[in-house]
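Position chain Z against the provided structure of chain E, taking the given hints into account.
Chains as they are written, first to last, in the UniProt record's numbering: chain E, 1 to 331; chain Z, 1 to 331.
By construction, these hints were calculated from the structure, which means they are not laboratory data.
Keep in mind that this is a model prediction, so the values were computed, not measured.
Hints are not guaranteed to be accurate.
One copy or any two copies: either way a pair holds, since identical chains are not told apart in the list.
Below, computed lysine-lysine pairings styled on BS3-like, alpha-carbon distance capped at 30 Å [unchecked claim]: (1) Lys242 - Lys94; (2) Lys4 - Lys238; (3) Lys204 - Lys238; (4) Lys238 - Lys307; (5) Lys204 - Lys141; (6) Lys307 - Lys4; (7) Lys204 - Lys124; (8) Lys4 - Lys94; (9) Lys94 - Lys307; (10) Lys242 - Lys141; (11) Lys4 - Lys141; (12) Lys307 - Lys242; (13) Lys124 - Lys94; (14) Lys4 - Lys124.
2 protein chains.
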Amino acid sequence: MLVKEIGEQGLLAIVQGFCPPEMVGDDAAILSVPGDQSLVITTDMLVDEVHFSDRTTSPIDVGWRSAAVNLSDLAAMGAFPIGITVALGITGDKSVAWVEQLYQGLTECLSHYNTPIIGGDICKSSVTCISITAFGTVNPKLAIKRSVARSGDIIIVTGYHGDSRGGLELLLHPELGTALTSDQRSSLIRAHQRPQPRLDILPKLQTLLASYPSTAIAGMDSSDGLADAIVQICRASKLGAKVQRRLIPISETLQTFVTPQQALEWALYGGEDFQLVLCLPPSLGETLVQQLGTDASIIGEITSNPKILLIDDAEPSTVEELSLSRGFQHF
Amino acid sequence: MLVKEIGEQGLLAIVQGFCPPEMVGDDAAILSVPGDQSLVITTDMLVDEVHFSDRTTSPIDVGWRSAAVNLSDLAAMGAFPIGITVALGITGDKSVAWVEQLYQGLTECLSHYNTPIIGGDICKSSVTCISITAFGTVNPKLAIKRSVARSGDIIIVTGYHGDSRGGLELLLHPELGTALTSDQRSSLIRAHQRPQPRLDILPKLQTLLASYPSTAIAGMDSSDGLADAIVQICRASKLGAKVQRRLIPISETLQTFVTPQQALEWALYGGEDFQLVLCLPPSLGETLVQQLGTDASIIGEITSNPKILLIDDAEPSTVEELSLSRGFQHF
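The shape of chain E in the complex, shown without the other chains (with noise of 0.2 Å):
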């Protein structure tokens, strides 16, 4: 069965099917935001073939990325999701059941972090596109930006850089990571087909600063890879970085599939690893990542001369500038 011959009501009942019942039928959705809460509000949309294609992403795939985006980026305010929109236009020529599994997907991610679809829109398109819109709540004295970070800062990144690039390569390029077992492929192909977005740090986060108030979190996700992330908050703070090459976690999986060189470009400049990058004062950074463990890396510091150095301390001749424009670009 395809979109076009079960039209639009006939769509529409079955992804109203994926949201609560009570939250759909009306011309918008209503929410409740608790009176000490901010509302923090993200939008990404997908494109077909320039953010998914159909040769390396399923369906239940393109939901779930889709989904785990938006809430990276609640996570990436300190914000706890309540809700997400999902505005889709589709061609005719799709199947029903891609857009059942494209929801499937969706409600997947979402239901780890007990957050429904709440609305949206479906229109006729000639590319598949989905925007997403979420909804999250933070009290603002926690909420995590980029324009807060002071000289003197430790930088810490959560999980690892780089898996997610490397899975895409893998579902480009099937023929190459021979070195590599089942389950190592199938980590990096996780890495990239299911991100999770870091909401499980915030708790932690949070109680931490009860000893540490009116301490500012500085940081932002690195959905658009580890340079950009720390670039971006560089920037904003209007302050710079040392970043010791050395320290950036890389996986196993990746150092043995690819080279160091390319491991580490992938580290930096892959994108959608969807982790947290974070600048904190030097006493409460270290006791998180004390709790963290293996989860999080201190990688270096904020500084207030404003070059943004990736060096290495056993080969100080490599300093090199850390830079936006080998990142993906959009045009």
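Then chain Z, alone, in the frame of chain E:
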């Protein structure tokens, strides 16, 4: 200058110029919602050659309409706007001026309602599409819903119906409408290109409601046509309606342009008039219509009989049922 020449960062800098500087630059925007208000959220996607076309709509008008469509959905819930997000998928060969004019149209419409663009996304796409999510607030007791009409309610519509469809016809076929004056042509075209969300009705309605405690307001907007709005309200409320054909407000201009039968067809099924359709107890509804003067009309009543009938007391034999199937349907 083309979009692909200025690139993502250049384009972002331009569109961020249309946003309050304190709202943009992070992973998400932060808004506060007063504690006694609920948050209302609506989303709509507009796609090139489906919802607009360079043949009939300038980029400024695309912007105006995109904002108006979403603000009308807020009005249809009884909510006042507090902000919108704009996700734009765009082909690389559109001109940068096109994007600027789009945002100019958006902000022109929004400025009438003191509503900022608080965030968004820009990405490459093989077809230009705009996805807007609008946020508003409403006292939950004053929310307008489709499902709360009562048998005996009178059906009130604001403004005229059919003018937007008339304006579209003039844009598609400029050789028509030779009987119209220049002002009449402009008035129909303006109804199509510059629809006005009926947020102006809300203060009057909500003030009146203070004298009718615990009266629920049933209604929606007529974005998909007057017939669609009446059918949707009746379905959601599990009731029917009798609509008097001769009471449907059709402008003199439209009556000059086309035959009475064509004008009625466009009023019922043309869509995009973005008026409000309200169902209210007779005394409340009549008071509202007195206050609004020629800007509102009583066109019928809600019935316990579930049929949705278009009747004409002067020609009892002409009864017909209103349906969804004659309005615009995607796919």
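Structure-based check of each hint:
no.	hint	result
1	Lys242 - Lys94	neither (48 Å within a copy, 40 Å between copies)
2	Lys4 - Lys238	between (52 Å within a copy, 29 Å between copies)
3	Lys204 - Lys238	within (28 Å within a copy, 49 Å between copies)
4	Lys238 - Lys307	within (10 Å within a copy, 66 Å between copies)
5	Lys204 - Lys141	within (15 Å within a copy, 38 Å between copies)
6	Lys307 - Lys4	between (54 Å within a copy, 29 Å between copies)
7	Lys204 - Lys124	neither (44 Å within a copy, 37 Å between copies)
8	Lys4 - Lys94	both (8 Å within a copy, 29 Å between copies)
9	Lys94 - Lys307	neither (49 Å within a copy, 35 Å between copies)
10	Lys242 - Lys141	within (28 Å within a copy, 55 Å between copies)
11	Lys4 - Lys141	neither (49 Å within a copy, 40 Å between copies)
12	Lys307 - Lys242	within (8 Å within a copy, 72 Å between copies)
13	Lys124 - Lys94	both (11 Å within a copy, 21 Å between copies)
14	Lys4 - Lys124	both (9 Å within a copy, 25 Å between copies)
In summary, the numbered hints that this structure violates are 1, 7, 9, 11.
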